[in-house]
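*Asks:* Next come the chains, spelled out residue by residue.
2 protein chains.
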Amino acid sequence: MNPTLEIFSQGEEIVTGQTVDTNAAWLAQEAIHCGFTVTRHTAVGDKLTDLINLLNDIAARADCCICTGGLGPTSDDLTAEAVASAFNRPLEFDDIAFEQIKEFFDRRNRPMPEVNKKQALLPQTAKRIDNTWGTAPGFALQHQRCWFVFLPGVPSEMKGLFLEHVKPDLLTRFTLQPPHLVSLKTLGVGESAIQELIKDIKIPETIELGFRAGTDDVQTKLLFPFDYPKTDLDSLVAEFSQCLGDYVFAIDGLEEPTGDLAFEINKLMTATNHTLAIIETASHGLLAAKCVGYDWLIQASYDKNISQSNQVLSSSELLNTAKNLALNLQEKTDGSLVLVQLYTGKPEALKDKNLAIQVLTVLRVDKTFYESIHTILGPITRKQNQAALLSLDLLRRYLK
Amino acid sequence: MNPTLEIFSQGEEIVTGQTVDTNAAWLAQEAIHCGFTVTRHTAVGDKLTDLINLLNDIAARADCCICTGGLGPTSDDLTAEAVASAFNRPLEFDDIAFEQIKEFFDRRNRPMPEVNKKQALLPQTAKRIDNTWGTAPGFALQHQRCWFVFLPGVPSEMKGLFLEHVKPDLLTRFTLQPPHLVSLKTLGVGESAIQELIKDIKIPETIELGFRAGTDDVQTKLLFPFDYPKTDLDSLVAEFSQCLGDYVFAIDGLEEPTGDLAFEINKLMTATNHTLAIIETASHGLLAAKCVGYDWLIQASYDKNISQSNQVLSSSELLNTAKNLALNLQEKTDGSLVLVQLYTGKPEALKDKNLAIQVLTVLRVDKTFYESIHTILGPITRKQNQAALLSLDLLRRYLK
Chain A
751 MNPTLEIFSQ GEEIVTGQTV DTNAAWLAQE AIHCGFTVTR HTAVGDKLTD LINLLNDIAA
811 RADCCICTGG LGPTSDDLTA EAVASAFNRP LEFDDIAFEQ IKEFFDRRNR PMPEVNKKQA
871 LLPQTAKRID NTWGTAPGFA LQHQRCWFVF LPGVPSEMKG LFLEHVKPDL LTRFTLQPPH
931 LVSLKTLGVG ESAIQELIKD IKIPETIELG FRAGTDDVQT KLLFPFDYPK TDLDSLVAEF
991 SQCLGDYVFA IDGLEEPTGD LAFEINKLMT ATNHTLAIIE TASHGLLAAK CVGYDWLIQA
1051 SYDKNISQSN QVLSSSELLN TAKNLALNLQ EKTDGSLVLV QLYTGKPEAL KDKNLAIQVL
1111 TVLRVDKTFY ESIHTILGPI TRKQNQAALL SLDLLRRYLK
Chain B
751 MNPTLEIFSQ GEEIVTGQTV DTNAAWLAQE AIHCGFTVTR HTAVGDKLTD LINLLNDIAA
811 RADCCICTGG LGPTSDDLTA EAVASAFNRP LEFDDIAFEQ IKEFFDRRNR PMPEVNKKQA
871 LLPQTAKRID NTWGTAPGFA LQHQRCWFVF LPGVPSEMKG LFLEHVKPDL LTRFTLQPPH
931 LVSLKTLGVG ESAIQELIKD IKIPETIELG FRAGTDDVQT KLLFPFDYPK TDLDSLVAEF
991 SQCLGDYVFA IDGLEEPTGD LAFEINKLMT ATNHTLAIIE TASHGLLAAK CVGYDWLIQA
1051 SYDKNISQSN QVLSSSELLN TAKNLALNLQ EKTDGSLVLV QLYTGKPEAL KDKNLAIQVL
1111 TVLRVDKTFY ESIHTILGPI TRKQNQAALL SLDLLRRYLK
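Residue numbers (the numbering used here), protein chains in the order written: chain A, 751 to 1150; chain B, 751 to 1150.
Note that these hints are calculated values from the structure, not bench results. What you are looking at is a predicted structure, and each value in this text was computed from that prediction instead of being measured. Cβ atoms here follow ideal geometry from the backbone N, Cα and C, with glycine treated the same way. Among the hints, a few may not be true.
[Unchecked claim] In silico DSSO-like cross-links for lysine-lysine, where the CA-CA straight-line distance does not exceed 30 Å:
id	chain 1	residue 1	chain 2	residue 2
1	B	Lys952	A	Lys797
2	A	Lys1073	B	Lys877
3	A	Lys852	B	Lys1101
4	A	Lys1017	B	Lys1101
5	A	Lys909	B	Lys1101
6	B	Lys1103	A	Lys909
7	A	Lys1017	B	Lys952
8	B	Lys877	B	Lys909
9	A	Lys852	B	Lys909
10	B	Lys909	A	Lys1103
[Said to hold, decoys possible] Which bits of chain B does chain A cover? Going by a derived footprint, with three or more residues having C-beta under 8 Å, they are:
id	segment
11	977-990
12	1122-1133
13	1143-1150
[Claimed, not checked] Only some residues are given here: those of chain A computed to face chain B with a beta carbon under 7 Å:
id	residue
14	Thr766
15	Gly767
16	Ala793
17	Val794
18	Thr824
19	Tyr1052
20	Ile1130
Could you build all of it, start to finish, from the sequences and the hints given here?
*Replies:* Dropping the structure here:
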């Protein structure tokens, strides 16, 4: 039997629905991959008695609990106080936490507001979890049956603390038999099309098959039990990989760590020592934004005149325009690779979620052109994001 | 006192984190706008005893509960069974529900699968809620203190049933007094600094003050009771607005609908008929990306040489470089406004979350320069996002 784990989110913004609780889903997935059975999520607001009652219920019910939120400096941040009261562990001033909070402000050349002092108060005997992402340290403690971990609610801080401190600790603290998750990340193919492509694969009953359609990829997920033989795992993954073909841009859960599409392209670009210059239109800066931190992107531009003057061209005219722009850009820059994105559609097509745009991408490498064309529908931010991804994907397919 | 309401989501896909529970947030907002106080969200999986225990807890704790999920035809859909068992109301076959389910399949020229018959079983004395969106009827019943409403988990069906049947019923069943929410959206100031700024404001006890720090703004939220006088509301909001000063870029909940920073800038840009050309560095395309759909952005570029050659300059050298770039860009474009963003910092500062960068933004308008400088720390995507927002914010402050 796996140890059980509950997730507890504190904050009025969650309970009132102003914030969708994405932390809970993220933590649940992480916990399952560690080998826990997640039994319940609960969210409560800023009422001290609700918090106290819930903490006591969980202490009697679960082996582990991850709590997020309520560690901020303000008066509605009550988690530490609730823990102190529920578990009879008075708050104590933690000098090291205080120094860390002060340092956080020092590095930003800002005086520490008086209210932040409160964040250095931790329940007696709690283990401090250092936070280098923000001001609120996390903390952890055992009460009755349950090991409680308290983390800040800001997703980036929560994730940073969990991966860097909490997860390694949980893996030694509990006897866990983590299942093995393999995710095939694809782009340009939907969930139902994937189901068609893989329909002839025989999947053993002990393996859970799942799908997850995100904004940046569609993942086909295979959850293998702890003791599943490695060679059988590899051969099933290979079978999936073959059925999904070129749509797969990364396979997560094997030896090599993977990331998003730009991360995968970065591996290929640095290995081949290429540089890149781009002109983007429908993606409106987002293609460059996705490449932040990668030095091979040497130039990127958006120009309204280029973007809008092509909206009514035929496909062949559009292709010619793109090729000419690519040739010019190749001359002007040292970029060994040049990518030009153009789109057509009715004048309001980008903004109107019911109208489609056609996105043409031309990649120029030495004396050769490569091209792709995609139809994109949906709200403007979806069109923008898909245009950025699908243009980048032409680059990936060339580099492969 | 408002009646209290809890939200209860049933399903393994929620508890395991494969699905983010957007239903809960949507229902919470609807319930609050109706005049309920939402006290708790809970999600549990497919274990019958967990469901039964939770239903009994809620029956003793809340005035109303909206439950989603677990009404499907398969064996892991246990909600009706759990209700029957928890509240001692044996399942009874509902002829009308059965006719509706059969009709659903008839209209699609498909035979009704045998498993769907189960969906016509409702707990004794439950009030059926007709579902014209899918096969599962909802149902509602009183147990002890609590009015329970059970809806399918598919978001489109859930929302349809809630708006068409449940909400009108709740508004007559309960005595409700919907509150009024006002949010002041700020940029460039943290939650604790806000608390310092507003510390002298006397807030009547009936008003709830809250904060929400997101990636794109920090919101100061004031929840006014139903019968709070409009003039008092306006004068308190004005007081907050004055204390927070220029940091406020929008006030939500008054007459005018508001959006994110780019949305607010769009109002000002279209009112003044300006256009804009930009050079961005640390934001790496994201500044342009945030302006997607707004025609006043006529040109945007990122250039690695510009971005990296400034990393070691002194502040005065940096300012000169930025001004020269702005003058050149002003000459080359028809943009009435020109924005140049540069940054300094150690070579690895952008990528290293523990190192800071200084972001300088210069805005050129006619013959005048405006400038801002900000220190940004944190992971690369945070630096990128903050750089985009803070540069845009200089534009907003000028346009105001």
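*Asks:* Now tell me if each hint is right for this structure.
*Replies:* Against the structure, the hints:
1. Taking the CA atoms of Lys952(B) and Lys797(A), the gap is about 22 Å. The hint holds against a cut of 30 Å.
2. Pair hint Lys1073(A) plus Lys877(B) does not hold up; C-alpha atoms about 66 Å apart against a cutoff of 30 Å.
3. About 23 Å separates the Cα atoms of Lys852(A) and Lys1101(B), which keeps this hinted pair within 30 Å; it holds.
4. At most 30 Å may separate the alpha-carbon atoms for a hinted pair to count; Lys1017(A) and Lys1101(B) meet this at roughly 17 Å.
5. The hinted pair formed by Lys909(A) and Lys1101(B) meets the criterion: a straight-line CA distance of about 18 Å does not exceed 30 Å.
6. At roughly 14 Å between alpha-carbon atoms, Lys1103(B) and Lys909(A) fall within 30 Å of each other, so this suggested pair holds.
7. For the hint pairing Lys1017(A) with Lys952(B), the CA-to-CA distance comes to about 57 Å; that exceeds 30 Å, so the pair is violated.
8. Proposed proximity of Lys877(B) and Lys909(B) is supported: the alpha carbons are some 18 Å apart, at most 30 Å.
9. Between Lys852(A) and Lys909(B), the direct Cα distance comes to roughly 47 Å. Violation of the 30 Å bound is thereby established for this hinted pair.
10. Pair hint Lys909(B) plus Lys1103(A) holds up; C-alpha atoms about 21 Å apart against a cutoff of 30 Å.
11. Counting residues of the segment 977-990 of chain B whose CB falls under 8 Å from any CB of chain A gives 0; the rule of at least 3 is not met.
12. Restraint check on the segment 1122-1133 of chain B versus chain A: 7 residues with Cβ-Cβ distances below 8 Å, three needed, restraint holds.
13. Interface restraint, the segment 1143-1150 of chain B with chain A: violated (0 residues with C-beta to C-beta distance below 8 Å; minimum three).
14. Of the supplied interface hints, the one on Thr766(A) holds, with its beta-carbon coming within about 6 Å of a beta-carbon of chain B, less than 7 Å.
15. Checking Gly767(A) against chain B by beta carbon gives a least distance of about 3 Å; that is within 7 Å, so the hint holds.
16. Restraint check, Ala793(A) versus chain B: the minimum CB separation of about 4 Å is within 7 Å; hint holds.
17. Because the beta carbon of Val794(A) sits about 5 Å from the nearest beta carbon in chain B, less than 7 Å, this interface hint is met.
18. The interface hint given for Thr824(A) is met, as the beta carbon of that residue sits about 6 Å from the closest beta carbon of chain B, less than 7 Å.
19. The interface hint given for Tyr1052(A) is met, as the beta carbon of that residue sits about 4 Å from the closest beta carbon of chain B, less than 7 Å.
20. The beta carbon of Ile1130(A) is positioned within 7 Å of a beta carbon in chain B (closest approach about 5 Å), and the interface hint is therefore held.
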